[in-house]
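Those protein sequence lines, which keep their order, are chains H, A, D, Y, Z and U.
Residue 1 is where the first sequence starts when you use the working numbering, and the numbers rise one by one after that.
Residue 1 is where the second sequence starts when you use the working numbering, and the numbers rise one by one after that.
Residue 1 is where the third sequence starts when you use the working numbering, and the numbers rise one by one after that.
Residue 1 is where the fourth sequence starts when you use the working numbering, and the numbers rise one by one after that.
Residue 1 is where the fifth sequence starts when you use the working numbering, and the numbers rise one by one after that.
Residue 1 is where the sixth sequence starts when you use the working numbering, and the numbers rise one by one after that.
Here are the simulated DMTMM-like cross-link-like pairs (lysine to aspartate or glutamate), alpha carbons at most 20 Å apart as the crow flies:
| id | chain 1 | residue 1 | chain 2 | residue 2 |
| --- | --- | --- | --- | --- |
| 1 | Z | Lys123 | D | Glu90 |
| 2 | Y | Lys123 | D | Asp120 |
| 3 | Y | Lys198 | Z | Asp175 |
| 4 | Y | Lys180 | Z | Asp175 |
| 5 | A | Lys89 | Y | Glu90 |
| 6 | Z | Lys123 | H | Asp120 |
| 7 | U | Lys180 | H | Asp175 |
| 8 | Z | Lys180 | Y | Asp107 |
| 9 | Z | Lys180 | Y | Glu205 |
| 10 | Z | Lys187 | Y | Asp175 |
| 11 | Y | Lys180 | Z | Asp107 |
| 12 | U | Lys89 | A | Glu90 |
| 13 | H | Lys123 | Z | Glu90 |
| 14 | D | Lys198 | A | Asp175 |
| 15 | A | Lys180 | D | Asp175 |
| 16 | D | Lys123 | Z | Asp120 |
| 17 | A | Lys123 | U | Asp120 |
| 18 | D | Lys89 | Z | Glu9 |
| 19 | Y | Lys89 | A | Glu90 |
To give an idea of the chain H side of the interface with chain Z (calculated C-beta under 8 Å), a few residues:
| id | residue |
| --- | --- |
| 20 | His129 |
| 21 | Pro147 |
| 22 | Asn306 |
| 23 | Gln309 |
| 24 | Ser311 |
Think of the hints as simulated: they come from the structure by calculation, not from any bench.
Ideal Cβ positions, reconstructed from N, Cα and C, are used throughout, including at glycine.
Number of protein chains: 6
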Amino acid sequence: MTHQLNPSEIRIFSGSAHPALAAGIAEFLGVPLDETHVSRFSNDNLYLQLGASVRSRAVYIVQSLAPPVNDHLVELLMMLDIARAAAAKEIHAIIPYYSFARSDKKDAPRISVTARLVADLLKCSGATHVMTVMLHSPQVHGFFSVPTDHLSSRPAFEQFFLQRDLTGTVVVAGDMGNAKSAARFAKTLGLPVAAGNKERISDKEVRFTGLVGAQVSGFRRALIYDDEIATGGTIRSLSEMLLGEGIEEIWVACTHGVFVGQGFEKLVELPEITEIVTTDTVPQREHPRLTVLSVAPVIGEAIYRNASQQSIGDLFVYGE
Amino acid sequence: MTHQLNPSEIRIFSGSAHPALAAGIAEFLGVPLDETHVSRFSNDNLYLQLGASVRSRAVYIVQSLAPPVNDHLVELLMMLDIARAAAAKEIHAIIPYYSFARSDKKDAPRISVTARLVADLLKCSGATHVMTVMLHSPQVHGFFSVPTDHLSSRPAFEQFFLQRDLTGTVVVAGDMGNAKSAARFAKTLGLPVAAGNKERISDKEVRFTGLVGAQVSGFRRALIYDDEIATGGTIRSLSEMLLGEGIEEIWVACTHGVFVGQGFEKLVELPEITEIVTTDTVPQREHPRLTVLSVAPVIGEAIYRNASQQSIGDLFVYGE
Amino acid sequence: MTHQLNPSEIRIFSGSAHPALAAGIAEFLGVPLDETHVSRFSNDNLYLQLGASVRSRAVYIVQSLAPPVNDHLVELLMMLDIARAAAAKEIHAIIPYYSFARSDKKDAPRISVTARLVADLLKCSGATHVMTVMLHSPQVHGFFSVPTDHLSSRPAFEQFFLQRDLTGTVVVAGDMGNAKSAARFAKTLGLPVAAGNKERISDKEVRFTGLVGAQVSGFRRALIYDDEIATGGTIRSLSEMLLGEGIEEIWVACTHGVFVGQGFEKLVELPEITEIVTTDTVPQREHPRLTVLSVAPVIGEAIYRNASQQSIGDLFVYGE
Amino acid sequence: MTHQLNPSEIRIFSGSAHPALAAGIAEFLGVPLDETHVSRFSNDNLYLQLGASVRSRAVYIVQSLAPPVNDHLVELLMMLDIARAAAAKEIHAIIPYYSFARSDKKDAPRISVTARLVADLLKCSGATHVMTVMLHSPQVHGFFSVPTDHLSSRPAFEQFFLQRDLTGTVVVAGDMGNAKSAARFAKTLGLPVAAGNKERISDKEVRFTGLVGAQVSGFRRALIYDDEIATGGTIRSLSEMLLGEGIEEIWVACTHGVFVGQGFEKLVELPEITEIVTTDTVPQREHPRLTVLSVAPVIGEAIYRNASQQSIGDLFVYGE
Amino acid sequence: MTHQLNPSEIRIFSGSAHPALAAGIAEFLGVPLDETHVSRFSNDNLYLQLGASVRSRAVYIVQSLAPPVNDHLVELLMMLDIARAAAAKEIHAIIPYYSFARSDKKDAPRISVTARLVADLLKCSGATHVMTVMLHSPQVHGFFSVPTDHLSSRPAFEQFFLQRDLTGTVVVAGDMGNAKSAARFAKTLGLPVAAGNKERISDKEVRFTGLVGAQVSGFRRALIYDDEIATGGTIRSLSEMLLGEGIEEIWVACTHGVFVGQGFEKLVELPEITEIVTTDTVPQREHPRLTVLSVAPVIGEAIYRNASQQSIGDLFVYGE
Amino acid sequence: MTHQLNPSEIRIFSGSAHPALAAGIAEFLGVPLDETHVSRFSNDNLYLQLGASVRSRAVYIVQSLAPPVNDHLVELLMMLDIARAAAAKEIHAIIPYYSFARSDKKDAPRISVTARLVADLLKCSGATHVMTVMLHSPQVHGFFSVPTDHLSSRPAFEQFFLQRDLTGTVVVAGDMGNAKSAARFAKTLGLPVAAGNKERISDKEVRFTGLVGAQVSGFRRALIYDDEIATGGTIRSLSEMLLGEGIEEIWVACTHGVFVGQGFEKLVELPEITEIVTTDTVPQREHPRLTVLSVAPVIGEAIYRNASQQSIGDLFVYGE
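Can you build the whole structure from these sequences, using the hints too?
What follows is the structure, given as structure tokens:
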């Protein structure tokens, strides 16, 4: 516990997506995690009950939009609705992993910019404020109609890697779209940066045709930096190409380690991937080559400052 | 095909909940069912695309909120959003089974009147009009902020049973809350009505302690009339009690035959239940003792009249 | 006076529908009732002025929607508007009798679900919170878009009748729609329950064709339990039928004793109706056979807890 | 009948304030006036039903906000709500007399700018367009959030008086606030203009201390021009002063002849007031010295042009 | 400094229209004026940054809509948006000169009631409260959808002139539209009042054809009272006519001394105009015949009372 | 003229930013460009009047947000407001150059995501649909709450360059953020692509430290592809670097040639820049080395298809 808020003024509830993270945040703040009762009617409809009075209080609802995303989304909307109808004073949606951020533009006709739709649904359901971590693109911030704090995981990663011997290491972005963010990260670590030149073969397959930016030849270790890993296919392909270019060891750093299906296994099958560093914006397994940095302190700190009228600008992502 | 609308003026799409019903409605109207492409991103987010231009057209989106309800709800919201962003002129949400209607009141503190919340989400996502069939309670109609047509399945049931020999039959409502609706149904058939006196033992179990209204002794057949069957537990218990009272044969009539888990089997195990009559507001199996009345004609007729500026009042449920 | 709130933080105003009740609530809270000046322009438009500054304060406006309902409704909307324009921090509409709740469904084509319309008008005029007592149906709660506390009068009635000798008494609901609520009431008193089987002959006339549930023969006293009495016609007819069934004495318990026209006289003409127990959600007369239970304490307590961040769930109506 | 619209495309309904005017408008347009059923529940709540299907049609609802204004306002709001819920395509509120326009500013603390509130309520209830005649001040136009046509009665008055011998006549405004409008009127008639210098003694009494502008001495006839007469007190006082100044005959022209209480009698008591010319924006009596100009043609013409995509700018009031 | 507010609870920012006035208000309140960084992107888009954290605080943004009005308006909207997105608790738009108030009615077809449009834009951008001084017409108050305080400059003028010898002085309104306000002003000073009879020759030229009300002959000094002076043309013409009527000395009192182009010079060219008294709702020059009364105290006092829950009714303009 | 729409059904107006483009669009559609009267009140407020009746019509308002952007923005908002208040059926904001798109993320604390704010202001003012060309980032599409068509200028550029001899040419993106879009462009032309590695030295200065992607050595001509040029600084620096790498000739292709200050001169000073190709989304000069491709056909075609219910998907930008 680092900070202490007045427990009678705030309520923290967790949806069923990631109660451990919610508990970590509550512990950081020195307040209890209030209970949420979740069950289903016989017709599959969710039945939710918040376990503590929220009247005239600041309510924080922690829910990561990890798979199964639709169940977790509807749960979150119902929790917001309950808090509103029960006369909460402020309703904060704490969404460590806003998976819908990937649908941030119209790259085909008659599709949904779902990241905007869901932002609207959150407001419609009662959210008065949103907190989230590392959105897929910084513009998604502008989709929200309520004040939104866009927190950064980069300081946690920097702090972690600065304690390592980084000799012979080059930072590699998985995609040119990520190159700017990776470049900032590399700069702090005093390392050069390269970016994979990805080509999409089919919906499920990508191929790397080379690298742009710094050459990787001459380096022995690559530090791949990405925002989200799901099936692991991109990182696997990129790793294989890097190994072909003479890289001997690979570290992977990634904020949202979603790892669906065999996504995690696909990576650890490569013995040269000696360490995967991710955060707990989604629930994580335990594995000897997996290091999980918790976002509970950065979220907790943001809540603390928000509740005590302090600026939280230095916890933000600015245009990464 | 009964009616013909100008295919260039309207578009009909189906979510993945019940494409067969959507096809039936389109066939009734003499227009093609347009394609909807549904897939998922690797992080479990839905990716939807409507397969035909909707610009300046009346768009009808057919989606039953059958299990898995959250997936079907988010699909529906995204389809509405796509139609709105693609400049449709009118956006009609056709929801044959609005499962959330069961959450229509606050019978415990800090729960959600989800039927109202979802009505708001539909509007927020772009629906300009809603059509639905037999809501759990007639007041739910008032939850919608956009014009809503509340269609009745009763005429279909009446037409069906009036072709049978109803001698020695008594109509039985599964619950006193349904008694009024059952009484109207019975009156049209010229039959007496009784209602089960249900007591809830636990979340999953109910017990019938008797009947109110007309006595069933003296009758040989009971026609149980209900709006929704999910686990089948209530109907099974009621049937057993009726058999104990001397009833020899049971017919079950129910608009929304959701039949989750072993719900259907629980009924057909009783040989005295010789016929179960339901509708296709949700997808149905085939079974020798199951008769499925289609709601495609009533929905199609409502769409037809709506599109051709005719009154559809006689298709409505009025305060049942 | 039971509780004391800081008078500088809240303001209580009364519309012209029921100032005595507002005064009772203010007295319960230990704060003054602020003045409201009501007059009319020569063209019949209302001219209202709130008599105390509301800037940055919590404002409670007490107005029962008793006859003349339209005058009282417009008064209420104007008072809400004044509070909003004068920068009140919170605006609570305290509506002990929400008469529009009777229009809660569409039981004919092209009518208004006025209970929903008025809920929207209240929000549009500035209400940020609503308190009301015993709505006609529990679903009406879902019509409100602002947080709404639905208070119960049942505890007051239970407390009152538990002090009486209830031997030989049966609870009777005036209508099958009320049966559930009456059953809960009867259970607390340890009494059996029956319900009148009402048939509507014309707009103004009803006929009782019998009773459902417990038999009344063998009982000497009936305790009729209803939510609202206006013309008294239903209760009179029911009473006559009960007397015909051998009942010797009748008590009537009813939350909203509106008693329009000769409604009250129609009841007291029957000497067997020895006691009518109602509340002051609307103004009441004095009469030797009329007992008026005040809702000022339950409303006052709800305001007190609301203003002091305490849960008020135990004062609520849950799905009655 | 002057114009003919397609009766299947539009519906005209009248509230109970002024059915004769609505009938006149319908006749002008060559379409039937559809029925509105108005009754009351026993608890005084209005029960309204529109008598013809409005689905996908343009609906015109005619309601003057004449006394009793609150009843007429709530009726109007309910009619709008019915049209919206029944899926009308356009909903036009035709309000010949918008009495609330008098409450157009804050001239005391904590009062309501009711003209703005009611404009918001109309939109909240479903109005998509408003038509009205001669608002108390032209700024009230800006209170409406939906397109609003502000029709002028001046052409009707001008046409009427230009047929008279106006020798020796001076136009007199009842108030300096009306002076601009009266000046425009006088200019068209080729007459000079004066304005009464009114002083308010009490809420119900005014006194005229003189005239500003043109002198009335030398004229034998005054044509008093005002927008609204309610109690008649102002016009009576003004008339008496004019008679004292040597005027021998008085004509009164006034758009909204509300004439509450003895308002009309107070005027005709003075034999020198030989003619009162008003319109039927509110219901009028018959009297030998009263001439009623109908606004049905100007409203009908505006509806006709609106429905047939023609400009109606020349029927407007521009900043009078 | 007159009052002291808790500096940690409020933030005051100034747009670039009138920083000196904002500084005066801040000084009155004893709090610092926070910095606003204003620059432009190379494509002419404004780039603004508020220089202090606003999280959970009451933010006051001071911006006069003086020329260049569009730049100042967009600046203001952006500052409101920043405060909202950065989670301010209250956002007060302090607009000493609301120039758009002149566009308050439709006096031609297809023009904008811009005073209403801008009021809507302010709300859309995040304003929760507006303060302004002396609107062109009192009805404009009703255009705002958020609570609005309409402050008066009249007390400042009265206080100023009551210290002078007013013998032989008559108050003259520049226009009959201003006559009521001028009459109130004259009454406090114990002086008679007259009004110019203005005729508009073209867009840029007016002519005075006489005076209404009190005669000016016999007076030696005229005190012209107006709300806004821009080109000075009206006041110059009026002055010349007054001099022609025998007036020897002219004082001009005017709340909003905008003085565009040669507006100021046009007045001081006349030596008989010995004193021009205006306020600093817009930036002012220095000149020996110009007296500037500051509105900082009345605005500061209003903010102080607002922040400390006191009534500010006595600072208001009531229907002037 | 390519297409012909029914002139009585639509109205096209131009703000003062770029009337020539609006005229071109109108000509393409075979309809007249309606007049807009723009002037200013003496206090600098805009006074606008639309020159043709818009009642029940589809209104297209063409306004590029070119410098002076604030004047053009306020003009646009007022024109939208006029169309709404005058009862237009559809209101289309045609914004060829949406300059605010550059403010699409929060890259510093307490700044405005102005691209979202302005999108909200457009809706607030009455826009029901937006058309724009080549937004700075594709995510900005998601900022709009009304249906928005994001048109592409790429086909025009491709058509232009495919008619040239492209031997020895390499496409160069001015920034890594543009690399994806440039790569698509290069692919259609069958050319390789490189991207400048830009470093920002100060607000006004950038430096290129190298190139990523294809090497430019071996090529004799570079085709620089960018979305917007304002001061020309970036393109000048990039050109100098390319010349240093051995490039002999440079073509510049850019959608929005804003060219503020000496922006254009800075480019043509370099004799190796032999051709600058841009569009008329903003007004353009004439110059022997400047080719202007008109967007009038693509906008006109989009309007035509929109008005005639055809899909316009193939005119769109998909995620460029």
